[in-house]
Each structure stands twice: as C-alpha cells, then as structure tokens.
Amino acid sequence: MKPIFVRGISNQFRLTLAVLMSVILLVANDRLEPARQSLASLLSPLQYLANVPGELLDWSAQSLATRDMLEQQNKELLRQQLLMSERLQRFEHLRQENQRLRELLGSPVHMDSRKMVAEVMEVASDPFHHYVVINHGSRNGVFVGQPVVDAQGVVGQVVQVSELTARVLLLSDPKHGLPVRITRNDVRLIANGIGELDEIELRHVAKSTDIKVGDLLVTSGLGNRFPEGYPVARVISVSRDDGQSYLKVTAQPLAALDRIRYLLLIWPEDHPGAKPESQEPAATDANSGAES
59 MKPIFVRGIS NQFRLTLAVL MSVILLVAND RLEPARQSLA SLLSPLQYLA NVPGELLDWS
119 AQSLATRDML EQQNKELLRQ QLLMSERLQR FEHLRQENQR LRELLGSPVH MDSRKMVAEV
179 MEVASDPFHH YVVINHGSRN GVFVGQPVVD AQGVVGQVVQ VSELTARVLL LSDPKHGLPV
239 RITRNDVRLI ANGIGELDEI ELRHVAKSTD IKVGDLLVTS GLGNRFPEGY PVARVISVSR
299 DDGQSYLKVT AQPLAALDRI RYLLLIWPED HPGAKPESQE PAATDANSGA ES
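So the mapping is simple: the working numbering equals the position in the sequence shown, first residue as 1, plus 58.
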C-alpha cells in the first residue's frame with residue numbers, strides 16, 4: 059500500500075545543487091572565454107558581410123535623398139534666377155521708359171505752354187497713309203489741329219478726335235503741309251510729306267533762295283497751327299536743274315517717326331485750353347496723361 063504523503067526534494071538539497079551549478083558555470087566561463095573570442099573572431103567577417111546589404115541600402119537611400127534635395131535646390135535656384143532675370147529686364151525696360159518720358163517732357167516746347175504725354179495705340183499699316191492713334195481724346199481736351207511733338211521735334215498734328223482717342227497725321231504723310239523757316243536767315247518755306255518716314259520735301263523753292271545742306275528748319279508760326287520755333291527737319295539735299303523752275307530740296311525730320319511710342323500734345327498759348335485754370339493735375343503715368 060502506497061504512502062499518502064511522499065517526501066519531496068529538500069530545500070537543503072536544492073541549495074546545494076544551485077551552488078554547485080554556479081561554481082561549474084564560473085569555472086566553465088573562464089575556460090570557454092578563449093574559445094568564445096576565437097569564435098567571435100571567426101564570425102566577425104560574416105557579421106560584417108551580413109551588415110553590408112543593409113548599410114548599402116542605407117547609403118543608397120541617403121544618397122538618393124541627398125540627390126533629390128540637391129535637385130530641388132537647383133530647381134529653386136534656377137527659378138529664383140529666372141525671376142531675378144525677369145525683374146532685371148523689367149527694371150531695365152522701366153528705366154528706358156522713364157528716360158524716354160524725361161526726354162519727352164524736356165523737348166523743345168515753350169516752357170509756359172500746356173502739354174500732355176500721350177501713348178501710341180495704333181500705327182497705320184498702309185504705307186500711303188502715315189498716322190498714329192493715341193490714347194487721349196476730347197475728354198482730355200484734345201482738339202483737331204493740335205500740334206504734336208516728340209523729344210526731338212515736330213511729329214504732326216491731330217486730324218480726328220473721339221472721346222477717348224485721337225488720330226495724329228504724321229509730318230511725312232503726303233497730305234501734310236507745314237509752314238517752316240530757315241533759322242540761319244529766316245527764309246519761309248512750306249514742308250510737305252512725300253510718304254517717306256525719313257524724308258520730307260520743300261516745294262516751290264526759287265532758285266535764288268539762300269538754302270544749303272545742313273540748314274535747320276523750324277515752325278514759322280504762320281497758319282495759326284503750330285507755334286513758332288519748334289524744330290522740324292534739317293536740309294539734306296539741294297539740287298539745281300536747269301530744266302526746272304524751282305530747286306529740289308529735301309530734308310530729314312528730326313522726330314523719330316519710325317519708332318514713335320510716346321508723344322507730347324501741346325496747346326498754343328492763344329488756345330482756350332491753354333489757360334492755367336483749365337489744366338488738370340500733373341500725372342506721371344502716360345496712360346493717365348502726364349501733363350504740365
């Protein structure tokens with residue numbers, strides 16, 4: 059018959075066994091250390107090789123990230139460079155525009171005359187009709203027959219006016235005639251357009267007339283259109299033909315008729331619109347009519 063209670067392993071035996079195992083492990087650890095180091099040395103290259111793929115992946119990822127970052131930085135630098143280049147071009151354009159306006163406002167007009175800057179909106183495409191359309195009309199006080207000049211001299215005169223625009227007939231148009239005089243001797247003549255932007259003609263000039271190449275022609279003030287003294291052209295050719303009753307005289311306009319952009323409208327002193335009380339406040343924008 060089996061006993062009801064079986065005596066287990068005593069605590070003293072367990073303690074003895076634990077101490078014995080600890081001693082064995084301590085002794086074994088000291089004796090196995092050289093073997094462990096040798097094994098670690100043998101496994102070290104394998105561990106290095108095992109880590110290589112991961113390190114390569116990390117390096118590749120870092121390189122790609124760096125390359126992407128550099129590409130983004132390059133794109134941003136290129137964008138900024140383009141923006142700066144565009145701004146510089148715009149600044150240069152504005153500088154040139156301001157220079158043109160300064161020259162225009164400093165053109166040889168009478169200092170006490172009312173004047174207004176206008177911008178060309180349209181240029182005639184027909185070579186037989188020389189005119190431009192400007193961005194000011196009757197609302198701004200522009201009137202038919204009004205003199206128009208640029209920074210160098212006479213451009214032409216207003217021939218048609220609407221509320222917001224006006225048509226300017228150029229000095230070179232065959233229908234345009236202008237009384238002029240030679241500054242050297244005050245000889246009075248008529249300058250006519252011949253359909254060439256860089257050339258006008260003096261007609262019915264007697265052979266006895268004292269005129270020569272280089273003479274400066276200015277408005278004579280006759281005809282009650284242009285005030286006296288505005289530069290018009292310079293004589294470039296004087297021909298004498300025994301078979302003709304008159305001299306053949308040509309002159310070159312001083313105004314840049316082939317590259318007009320801004321013009322100056324002027325009011326003769328005897329015109330009602332030239333009175334100081336009718337003038338509008340000055341402005342610096344050509345679109346609003348820089349006026350003085």
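No wet-lab data here; the hints were simulated from the structure.
Warning: the hint list may mix true and false statements.
[Unchecked claim] Capping the alpha-carbon separation at 35 Å, the derived lysine-lysine pairs in DSBU-like fashion look like this: (1) K306 to K265; (2) K270 to K233; (3) K233 to K265; (4) K270 to K306; (5) K306 to K233.
Taking the hints in turn, this is what the structure says about them:
1. K306 to K265: 9 Å, holds
2. K270 to K233: Answer holds: K270 to K233 is near 25 Å, not above 35 Å.
3. K233 to K265: 25 Å, holds
4. K270 to K306: 11 Å, holds
5. K306 to K233: With Cα atoms ~19 Å apart, K306 and K233 stay inside 35 Å; holds.
When held up to the earlier numbered hints, the structure conflicts with none and fits them all.
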